[in-house]
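*Asks:* Protein chains in written order, with the working numbering: chain A, 1 to 272; chain B, 1 to 175.
Derived from the structure by calculation, the hints contain no laboratory data. Among the clues, some could well be false.
Which stretches of chain A does chain B cover? Using the computed rule of at least three CB atoms under 8 Å from a CB of chain B, they are [said to hold, decoys possible]:
#1 23-35
#2 156-165
#3 191-201
#4 247-254
Not everything, but these chain B residues come out facing chain A in the computed CB check (under 10 Å) [what the hints assert, rightly or not]:
#5 Leu17
#6 Pro60
#7 Pro66
#8 Leu92
#9 Tyr129
#10 Gln134
#11 Ala136
#12 Cys140
#13 Ala150
#14 Ala155
#15 Gln159
#16 Lys173
The beta carbon of each residue, even a glycine, is placed where N, CA and C say it ideally should be.
So the chains spell out like this:
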Amino acid sequence: MAGRDDPARDLARDLDGDIADDLADDLLALLLRIGDDHLILGHRLSEWCGHAPMLEEDLALPNMALDLIGTARMCYGYAAEIEGGGRSEDDYAFLRDGTDFRHMLMVERPNGDFAHTMLRQFLFAAWMHPLWDGLTGASDARLADHAGKAVKEMAYHVRHSGEWVIRLGDGTAESARRMRAALDDLGPYIGEMFESDETSARLVVAGLLPDPATVRAAFDSTVARTFTMAQLPPLEIGAGISGGRAGRHGEVLGHLLAEMQFLQRAYPGQTW
Amino acid sequence: MVAVRDIDQDFGRDDVLADIRRIAESVPDPELVVVNVGDLGIIRDLRHDDGGAVEIDVTPTYSACPATLAIELAIETAVAAAGHDVRVRRVLAPAWTTDWITPAGRAKLKQAGIAPPLPRDDGTGDHDYFARPQVACPRCDSLDTTELSAFGATACKAQHRCLSCHEPFDYFKCL
Numbered sequence: 001m002a003g004r005d006d007p008a009r010d011l012a013r014d015l016d017g018d019i020a021d022d023l024a025d026d027l028l029a030l031l032l033r034i035g036d037d038h039l040i041l042g043h044r045l046s047e048w049c050g051h052a053p054m055l056e057e058d059l060a061l062p063n064m065a066l067d068l069i070g071t072a073r074m075c076y077g078y079a080a081e082i083e084g085g086g087r088s089e090d091d092y093a094f095l096r097d098g099t100d101f102r103h104m105l106m107v108e109r110p111n112g113d114f115a116h117t118m119l120r121q122f123l124f125a126a127w128m129h130p131l132w133d134g135l136t137g138a139s140d141a142r143l144a145d146h147a148g149k150a151v152k153e154m155a156y157h158v159r160h161s162g163e164w165v166i167r168l169g170d171g172t173a174e175s176a177r178r179m180r181a182a183l184d185d186l187g188p189y190i191g192e193m194f195e196s197d198e199t200s201a202r203l204v205v206a207g208l209l210p211d212p213a214t215v216r217a218a219f220d221s222t223v224a225r226t227f228t229m230a231q232l233p234p235l236e237i238g239a240g241i242s243g244g245r246a247g248r249h250g251e252v253l254g255h256l257l258a259e260m261q262f263l264q265r266a267y268p269g270q271t272w
Numbered sequence: 001m002v003a004v005r006d007i008d009q010d011f012g013r014d015d016v017l018a019d020i021r022r023i024a025e026s027v028p029d030p031e032l033v034v035v036n037v038g039d040l041g042i043i044r045d046l047r048h049d050d051g052g053a054v055e056i057d058v059t060p061t062y063s064a065c066p067a068t069l070a071i072e073l074a075i076e077t078a079v080a081a082a083g084h085d086v087r088v089r090r091v092l093a094p095a096w097t098t099d100w101i102t103p104a105g106r107a108k109l110k111q112a113g114i115a116p117p118l119p120r121d122d123g124t125g126d127h128d129y130f131a132r133p134q135v136a137c138p139r140c141d142s143l144d145t146t147e148l149s150a151f152g153a154t155a156c157k158a159q160h161r162c163l164s165c166h167e168p169f170d171y172f173k174c175l
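Based on the provided sequences and hints, a complete structural model is requested.
*Replies:* Structure, rendered in structure tokens:
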């Protein structure tokens, strides 16, 4: 990938400042994938507000949700400019139907118990942190600039959720049972993080995504270290369930959108 | 002669910019009123644009910090009230770090009972996720402290407790 001061960093833009047409579609696809991952997971975390098992987590979960929704806003705002069709960031969040969303299936899974939510958060952050780290050198300056902020926040998410994975996995018989049950439940959804398709392959070549092998190695290392401390079995990523990047989602997404989008659907045009 | 006059004008414009910087930096943080935006180090640059207005570069602390927009509006309002045509520009890079909080700002935080952030190089490293920062109690300076909650009343703070004087306190997280 091009370095921060490398002139090639802005190769995604031509001399007029417009993004080259052939890259614009791929960049748009990338922004929706990242934006939707962050929005849907952020919404799931926000569902814990007022319901967390202790006050500290009632603060932690919405705080992490806020970080995730901040990234979604950046992605949608940028996507709207690339599309140039007059859509706002709110339109992407509140007025698209389920099949238009491009997040991976793991983030839409219902929260389950606290162990399930924390393991899902840990797996997501352990993947997203090295991805943001790589994107700090992205060939698109706006994405790289945002990555410089998001990478610090995501490291904190890894720490917070990882400590809970360790605390529960290596805790009481009941907490360990629940953490293992969460791993069994989320297992089939982990592989989708590392799937590649034609779009992602072109994004890597264009310097808009880091080398997948680097991200995978960092993820494996973080998970192995944490799972060892948590007394969890080594993670094996086998055949799983996917389709989120192509807009094929579970029934659960419809229920999530019904709640998240209700206000804008019932009372169109509301703003803060 | 012409060159000398130009230099004089430049000096005059610099004085105006320094004045505007002072006004902008004195705007208090809406969520952490003991410090102002100058203490936080979030005003990165300012300049006259081609039309004679002043453009101020401000960088957000956290990407989703709810205070960002309020701070930008407060800066514009304060500078405009002093009679200047002003526009705030949001810049993301280089990303803000707590290392940019000034010594005066750190002293004000401590005075208010908030432990100032540790320097990045011996605080929580991004790649040793589970490293524990050794935070000093802002009241008694003891290093015998423990984290109560990784998140606090605002995105930028965690809650700690001193095991020497037993007082709870906020820690401004290292970012």
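*Asks:* None of the hints should be skipped; say for each whether it holds.
*Replies:* Structure-based check of each hint:
no.: 1; hint: 23-35; in the structure: violated (count 0)
no.: 2; hint: 156-165; in the structure: holds (count 6)
no.: 3; hint: 191-201; in the structure: violated (count 0)
no.: 4; hint: 247-254; in the structure: violated (count 0)
no.: 5; hint: Leu17; in the structure: 25 Å, violated
no.: 6; hint: Pro60; in the structure: 8 Å, holds
no.: 7; hint: Pro66; in the structure: 8 Å, holds
no.: 8; hint: Leu92; in the structure: 4 Å, holds
no.: 9; hint: Tyr129; in the structure: 4 Å, holds
no.: 10; hint: Gln134; in the structure: 16 Å, violated
no.: 11; hint: Ala136; in the structure: 20 Å, violated
no.: 12; hint: Cys140; in the structure: 24 Å, violated
no.: 13; hint: Ala150; in the structure: 5 Å, holds
no.: 14; hint: Ala155; in the structure: 6 Å, holds
no.: 15; hint: Gln159; in the structure: 8 Å, holds
no.: 16; hint: Lys173; in the structure: 7 Å, holds
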